[in-house]
Amino acid sequence: MLKMFAASKSSLCLALCFAALSVLYYRYNDFESDDANSLEKNVIKSWANLISPPVKQFQKLAVGINSNIDIIVPGVALLKALSILPGEKKNHDALSSLDELQETFAHFFSKGSAAERSFMDKLVYQKIIKATETLNNIEHFVGGNAALMATKASNLFPNLKINFVGPVGPILENLMPKSVKIPKSSRIPQDEVHLIMEYKVGEKWGSTSAPVANRFITSHDISNAKIIMLEPFFESIAAFQPDLIVLSGLQIMDSQSPEFFHQRLDTVVSLLQQVPANVPVHLELASMANRDFVKHIIDKMFQHGATSVGLNEQELGLLSVVGNGPHQDLIPALSPKEDLSGKA
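So the sequence shown is residues -19 to -1, 1 to 325, counted in mature numbering (1 follows the signal peptide of the UniProt record, and there is no 0).
No lab work stands behind these hints: they were computed from the structure.
Glycine included, every Cβ here is placed at the ideal spot set by N, Cα and C.
Possibly wrong hints are sitting among the right ones.
As the list claims (entries may be wrong) - Just the calculated beta-carbon pair ranges, DEER-fashion:
#1 219 x 114: 10 to 20 Å
#2 140 x 78: 44 to 54 Å
#3 258 x 23: 38 to 48 Å
#4 136 x 68: 40 to 50 Å
#5 36 x 91: 41 to 51 Å
#6 159 x 30: 23 to 33 Å
#7 245 x 77: 16 to 26 Å
#8 78 x 37: 33 to 43 Å
#9 66 x 36: 50 to 60 Å
#10 114 x 78: 16 to 26 Å
As the list claims (entries may be wrong) - PhoX-like mimics (lysine-lysine), calculated; alpha carbons at most 25 Å apart, straight line:
#11 103 x 207
#12 207 x 162
#13 71 x 37
#14 159 x 142
Make the full structure from the sequences, and use the hints.
Okay, here's the thing in structure tokens:
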């Protein structure tokens, strides 16, 4: 069984998770109608009333290891800018062409499910990013769960010392709060870019209408996909000596070979076992597609690494399927990874 924090230790992580959720929710809020959002807003307000900081404040927070800049665009408008026509709806675990982008986007668009897929072809991905420059009102935002949580923590807890390790390029460095310490080992010459393709409820793509507002994310990562910042993160922990660790970004490895992610997960567990037992470690998860990878997350990270875990209802459904958990009859409605349950 996964042991969880004592109440005083879990509160800050819960607050950070809620804060990150709130940032994402309100960022995308303009894409939905007031009526569609009323229930969600009430849920968020209820959570806000229940969450309070721990009686004993943490002094030093270490956060890593995924970060990037987000480019947020209207998904349908981008496909049109790329001269892509509506076509087949088909889920792909990873993307290699514009056709596969269209098929996977259409698949999740038709369900109104959020999803994230890695783009394997660098040149095609660069073409897609170039096309975003033809759209109106495109902005850069802090991206990556780790960077978002470090940013929000600096706002929620102004006296908290925060050490962040992740791939930080010139644009992201300017976007991050100055109060967040970023070691030189985190610097990279060019930012990693994630593309967030949003759509409104009722928006049309071909003959399909989106049942709810949501987003599809794709990226061509180098540092994040291979978690290059893993070792620098734990090296900084030894020097920084935090009393709380938040780890995010492991899910991006699920597009790598089994040999690679097995080896890197073993490394993560080995490094976590060197952390003092009295320092809680929170693991933040996001969209995943590889059954073997998810099983290893359960077997290794839950059993030997993390003190607590953060995930949404889609990842929870996915873990239930892979881990042979309860309520699997509800999973197709919850999870965007229908292929993992054997139901396409």
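Status of the hints after comparison with the structure:
1. 219 x 114: 10 to 20 Å: The hint (10 to 20 Å, Cβ to Cβ) is violated, given that residue 219 and residue 114 are roughly 42 Å apart.
2. 140 x 78: 44 to 54 Å: holds (50 Å)
3. 258 x 23: 38 to 48 Å: holds (40 Å)
4. 136 x 68: 40 to 50 Å: holds (43 Å)
5. 36 x 91: 41 to 51 Å: About 48 Å separates the Cβ atoms of residue 36 and residue 91, which means 41 to 51 Å holds.
6. 159 x 30: 23 to 33 Å: At 31 Å between Cβs, range holds.
7. 245 x 77: 16 to 26 Å: holds (22 Å)
8. 78 x 37: 33 to 43 Å: violated (53 Å)
9. 66 x 36: 50 to 60 Å: holds (58 Å)
10. 114 x 78: 16 to 26 Å: Because 21 Å falls inside the window, the suggested range holds.
11. 103 x 207: Judged against 25 Å, a Cα distance of about 15 Å means the pair holds.
12. 207 x 162: This hinted pair holds, its Cα atoms lying about 23 Å apart.
13. 71 x 37: It is violated: about 50 Å lies between the C-alpha atoms, which goes past 25 Å.
14. 159 x 142: Given pair residue 159, residue 142 holds - Cα atoms ~12 Å apart, limit 25 Å.
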